[in-house]
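J.: Chains as they are written, first to last, in this note's numbering: chain A, 363 to 825; chain B, 1173 to 1642; chain C, 3 to 592.
By construction, these hints were calculated from the structure, which means they are not laboratory data.
Ideal placement from N, C-alpha and C gives every residue a C-beta, glycine not left out.
A hint or two may mislead.
Said to hold, decoys possible - Here are some of the chain C residues that sit facing chain A, going by a computed Cβ distance under 7 Å:
(1) 560
(2) 573
(3) 586
(4) 590
To be verified - Derived BS3-like pairs: lysine-lysine, alpha-carbon spacing no greater than 27 Å straight-line:
(5) B:1591 <-> B:1510
(6) B:1510 <-> C:151
(7) B:1591 <-> C:151
One letter stands for each residue in the lines below.
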Amino acid sequence: MESQSIDHAALLPLYLAAATAAVALFAGRAAKAATMIGLAASGAAAIWLAAGPTRRTFAVDDWFSFTADETAMGLAALFAALTLLVAAISGRTESEYLFLLAVSAAGGITLASSRDLITLIVAVETLTVPLYVLVARPGRDGAEAGVTFLIASITASATALMGAALLYSAAGTVHFAGLAPALAEAHTGLVAAGTALLLGGLAFKLAAAPLHSWAPLVLERAPLPIATYLASASKLGGAIAVIWVVHFGLAAGAGAEAGLVLAVLAVASIAVGNIGALVQRRTVGLLAWSGIAHAGYVLAPLAALSTASGRENPAAAASAALAYAVFFVLLEAGAFASLTAVRDDGGRIDELGGLWRAAPGPATVLLISVIGLAGLPPALAGTFAKVAILEWLASAALWMAIVVVAGAVVGLAYYLRLARTVLLGEGARARPRFTVAVLAAGLVLAAASLAPGLVLEFTSMSQ
Amino acid sequence: MGLILVAAVALPLAGAVLTWWLRRSGVGVAAAALALAAVALLPAARGPGWWHRVDYPWAPSIKLDFALTVDGVSWPLALLTALLGLLCCIHNARTGPPVLTALLLAVQGASTAVFLADNLILFFIAFEAVLLPMWAVVYRYGDPATRRHAAAKFALFTVAGSLLMATGLFAAAADTGTASLAQIIAAGGVDRDLSLAVFTLLALGFAVKAPLWPLHSWLPDAHTAAPTVGSVLLAGVLLKLGTYGLIRVAGGLAPDGAAEAAGALGVLAAIGIIVASLVCLGQGEIKRLIAYSSVGHMGFVVLAFATGTEAGVRAALFANLAHGLITPLLFFLAGALKDRTRTGLLAELGGLRLAAPALAGLLGFASLASLGLPGLAGFWGEAFTVYAAVERGGAWFALAAAAALGAFLTAAYLLRMLKHVSHGPPAPAVEGVAGTSRTEIALWSPLVAATLALGLAPGPLLDLFATGVL
Amino acid sequence: MSFAAWALVALPAAAGLAGLTLRRRGPAVWLAVAGPAAALGCALVAAFGDAAVSYTLADFGSVRVEAALELSGTAVAVAVASALVSLLVQVYSVAYLRGDERYAPFAAQVNLFCAAMLLVVAADDLIFLLIGWEVMGACSYLLIAHYAKLPAAPGAAAKAFLVTRFGDVGFVLGVMVLGVSAGTFRIGELGEVPEGAATAAMLLILFGCVGKSAQFPLQVWLPPAMAGPTPVSALIHAATMVAAGAYVLTRLLPVWPPDLLVVVAVAAAATMVGAGLSAYAATDVKGVLAWSTVSQVGFMFAAVAVASADTALFHLLSHAAFKALLFLTAGVLIAQAATDGSLRTTRIRPSASPLAFWAMTIGLASMIGVPPLGGFYSKETVLGAAYESGTTAGVIVFWAGVVASVLTAAYAGRLWLLLFWRGGAAETATVSRPEASALWVLGAGTIGVGGLYFAGPLHVPELHLDLMTLLLVALLVGLYLVGDSWWRDRARDPSRLLGRARAFIASGFAADAAATAAARSGARAASAAARLLDEQLVDRTVVEGSARAALATARRTEAGHRGGLVRYLRLSVAGTLVVAVIAIGVNLWS
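Here chain A stands alone, though its shape is the one from the complex (with noise of 0.2 Å):
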């Protein structure tokens, strides 16, 4: 094989992601406005990226591991953006902890442009590793939760890899590309179990069920920006690994196995995700179990492949999945974020009672994103998100558009009871922090109301 040239340009956003980490170890005081400028710049050249013609590179033959198309460099951006908004709300300024942060940044620059099943993993775990350091608050509680994290963390990657590996011995080849035409050929039990532990390794990062159990717990423990990352950007990470390997890789060879096993996931995911969350007295931990039931709803529009119907046009599932994916998380960033803004640590419902008198600002971006979750107008971003998939499986498979409305009902219970506590309630004190980074995601979210198109483009798959 003979050595071929690297396109540098796309892996531009990947370069200033990784050049910030360093930069950040060294830059001492400055290294939080550096880890800043560095990522903004990174996101910046995402966006160029996105607005030009498509690059690909690390080809083998006809297949590219590394595609940086319009979908993966708005992803990068997102993701850039998201790291960006979790170092401002970062009350620490340490170098180390900044790195790591931009380390995962990275990962998940990466993880979006990766057309192979081992550019993929690696990503995610790039993703993933820096947060076993960064969940760990001092104490007891913080080490318990980052062991869980660690060794849930390396528990799904066996999964994962352990997938890959059967769906590798099934095909012979671990570029997406390559997945599709092989798989179709290969033993159906082998393609089941691959497809299955691939899956449901990879929706660990989701917190999707049946690996969801770390989430409330990590959360919950975690400190409240990590808490942030790991509501949004990792769920991103794990939202985009599952669509990249279902839809580019699984989606025309193994659609229907893919599709079952997503169905099961995604089914289970909003049953518990909601019905944990209808008890929780913490504002974190009723966060926490509806991203479960949110993984759900990621994960729903790719479970309409197991019907035929839905295996006419995988690229509208893997779009609709997407979108609610790029709407989610933005807005679990906009409630985590604006609760970082007022409080230490997540604590109790009830103490965020009457905060919508007490701290304006963060409290209208914690309402607009909570009824967001919920679904609701004037939250309108939410909206889209479930029109989004629900359009989807209404002409693909109308019994789990069904699940996820009945998801939804049980999610109003709790969210409307979070939304008027902040209202209505009353008891909160709170000097606001952070006023420039809430009031952007806000502003975000905001024109993702007005303007769902800004998602919605670059959110749709073709092929």
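On the provided structure of chain A, position chains B and C as indicated by the hints.
T.: Just chains B and C, lined up with the frame of chain A:
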């Protein structure tokens, strides 16, 4: 004229924001008045079929356009919404907090958008947008004892219904390739194989809102717990979203499915009429009684629609609108009564005829209208529901008989209510209550006048319905 | 002429609606009298031409409702009677309700009532007619409940409205069946209706008319309706509500399948005889008159049963005259005696109030059919029509009519004897001028209404000598029974002839009590069942039960997730294995 369409939706919403921002109810009243003027202007320069239309793309990839249109079916409902919105704003401006005015305007704006929406996705979004402000009205300003429970029930039921409805809407949009209501109706609805499924989903959603028995159980709680203006809007506007959706959207998108499901729909509607009336017969609280009576009245609307005949659909539309005039009037009066006596229990009331003759007289008038006295608005829709069911013949005759019996039971429970409230010697709670003020009379008189006018001359409205696109 | 038809209904209606907004008595009196007077004028004008008007009121696509008024000769006659009685009732009430705070709404409601009746009389469209039909019911409700301090009034009012409305369940259904099968609601255009539809429709409509006219088995509402002011009783009993049922039946007579008339005959016969007995046993003045109304309207139904519409209307008109006279006189008498109207206590010397005495005497004489008063002609023609018809229905109503005539004479005689010939206060009392004028006019009408037999729009059978004889014999038998009992023991009520059953019969064969009890317990049981279904089963169990179940599941789920790393690993591994097994299993299976 397109601009006026937009104004009809935008004015209440802008009014809501401004009222909330400035904390001044007067702003809200002005916005509601302007909105009423805008809606009232819509019939000017109208053509056949759809009168006017605006269409701005919003999010093409999810088929969402900001498309509004209006015709002879939707305009009366939009006008009713604007009228009730204005009355509620004025009512609230006298005593209530400005935030409540803002919420009322938000409900009004979103409801108007539902009636005028031509795009299915926009329809869904507007339908959902009604939920939160109304929830807040009930939760924040309702009866302290029951409001939490009632508000939660209302919200959960409604969202379940609207999401099921959304699924149906999206299935129809996917099947026909367009989300324009007008285009789908013109094309004769969705594919025959899909029709029943789409209709079932849509009907489930709208049946929650309408409400159709047995999906109604949120209604008595919500209507009872809501403040007076909330009950008025719930009964006068929100229920109409359900029936309008059922007739225009479900019937228009899936006519074949509607025909197939007609029997089930009719039977449920008839059960609703009878059961609601019987429940009212044993009801001891005036607002709850009026609330339950809505279930029966809307049963007539659904039954008339279910017959699928021309007369039936017109009767459904007429009964729908009449209920939107009469029941809000009843709620206004019950609210005035409860404000004065501090109780709504029939057992603690009595002798209102002697203590406050005008109030008792109006209550009597509204009750007679509600029980379908010929010559008042309530009669035409309900009588011709019976006609339409008889027209279908066969087993439908049993439904016609049930409806006619329901009308009798309606009279029975309303007279029972009047007997407890108006007649007899004045109860301690009623003694010395204030008479009706000029403002109150002015506030109620449009509803009284409209009830009388529609009762004596139903022709123009029926002709208007006949020009509508169904 | 079309203007007259419109004004006939519109003027009293407008007077009524305007009157509802009045508070002061002065203008109310003017409106009260002006409304029916205008209507009377219009009715008289309409007599000179064929007044007809129609325009579309409501277009339901497959059928239209037309605001159609058509005043045939017979309709004009009934309209004149209704308007005249209403006018006299209004005049009478000005004096009768002096000092009543709620006079203004009362007068307005009477005017609305009058307008509604005139609408029923003039309408040529069944739905349009239904407006008058039901508004009349609603007005009767308001008027009967007029006395705020009378505890029985609200219940009696509600009963009147509800029983008639119960009949209307059938009436509306029947009208709709008729409309569907004929394609129109115009009475004049009904034409040929298929036999089956006509049978169903007319039986249903009959049910409604039976309710409105207080015929068996829906007679229960009329006697309690006495709780209303006496002028209201006169209005309801004489020329409006109660007569409306019979009137509508005569309008629809062409649609009746002939075999079906026997149903009307049975209802009429049972009513005539049963109500006659109840009148004989009744314990108060107005009770006698109320039951006599039921019985006399039975005569009208009897005429309908033998398909003789004009005869029914003839009796309607003569009944309107004498019954209005009787009620208004009874009001005067009871006021003079200052009692509650109980026969036990109400006694007046004839000399104390000659006008009232003679008015009562003429009214009763007309009712029992003393020639040459109006009642004689109308009752004779009813029996004549039955005699001539030669149908089963004719036979039934003929003999029931004869028995009822005996009873009529008996209860009228008893009332006359008990009222006037048991002593009583000696001081003379003057009858106020409005009241007196009403009595004079009605007295004259009672005497003169028989003239319609000789001239007028009605086509009635010739008088039969043998029937006249039979009627007079029946009359004498009835009077003899009462007179005999009276002279034997003046201290005791002649109704003792009924023996132990007297109280039972006086209560209308306990039908009212039984119906009320049945309706109450039925409503209570049905309501309880509905609430059980609706509030307990649907709401508490299914709706809120599912919410409770969700919460319980949630608590269990949450508890199941507590327990740190080990629990987490177990859940994860088990879950992943389940997913894998399902995936592999389903794929291998299919």
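J.: Are the hints correct? Go through all of them and say.
T.: Verification of the supplied hints:
Using the Cβ-Cβ criterion of 7 Å, the hint placing residue 560 (chain C) at the interface with chain A is satisfied: the shortest such distance is roughly 5 Å. With a cut of 7 Å, the hint placing residue 573 (chain C) at the interface with chain A holds, because the nearest CB-to-CB distance is about 5 Å. The interface hint given for residue 586 (chain C) holds, since its Cβ lies 5 Å from the closest Cβ of chain A, which is under the 7 Å cut-off. A cut of 7 Å between beta carbons decides the hint on residue 590 (chain C): the least distance to chain A is about 5 Å, and the hint holds.
Restraint check: the Cα-Cα separation between residue 1591 (chain B) and residue 1510 (chain B) comes to about 17 Å, which is no more than 27 Å; the hinted pair holds. Pair hint residue 1510 (chain B) plus residue 151 (chain C) holds up; C-alpha atoms about 24 Å apart against a cutoff of 27 Å. Simply put, residue 1591 (chain B) and residue 151 (chain C) have alpha-carbon atoms about 13 Å apart, close enough for the 27 Å limit, and the pair holds.
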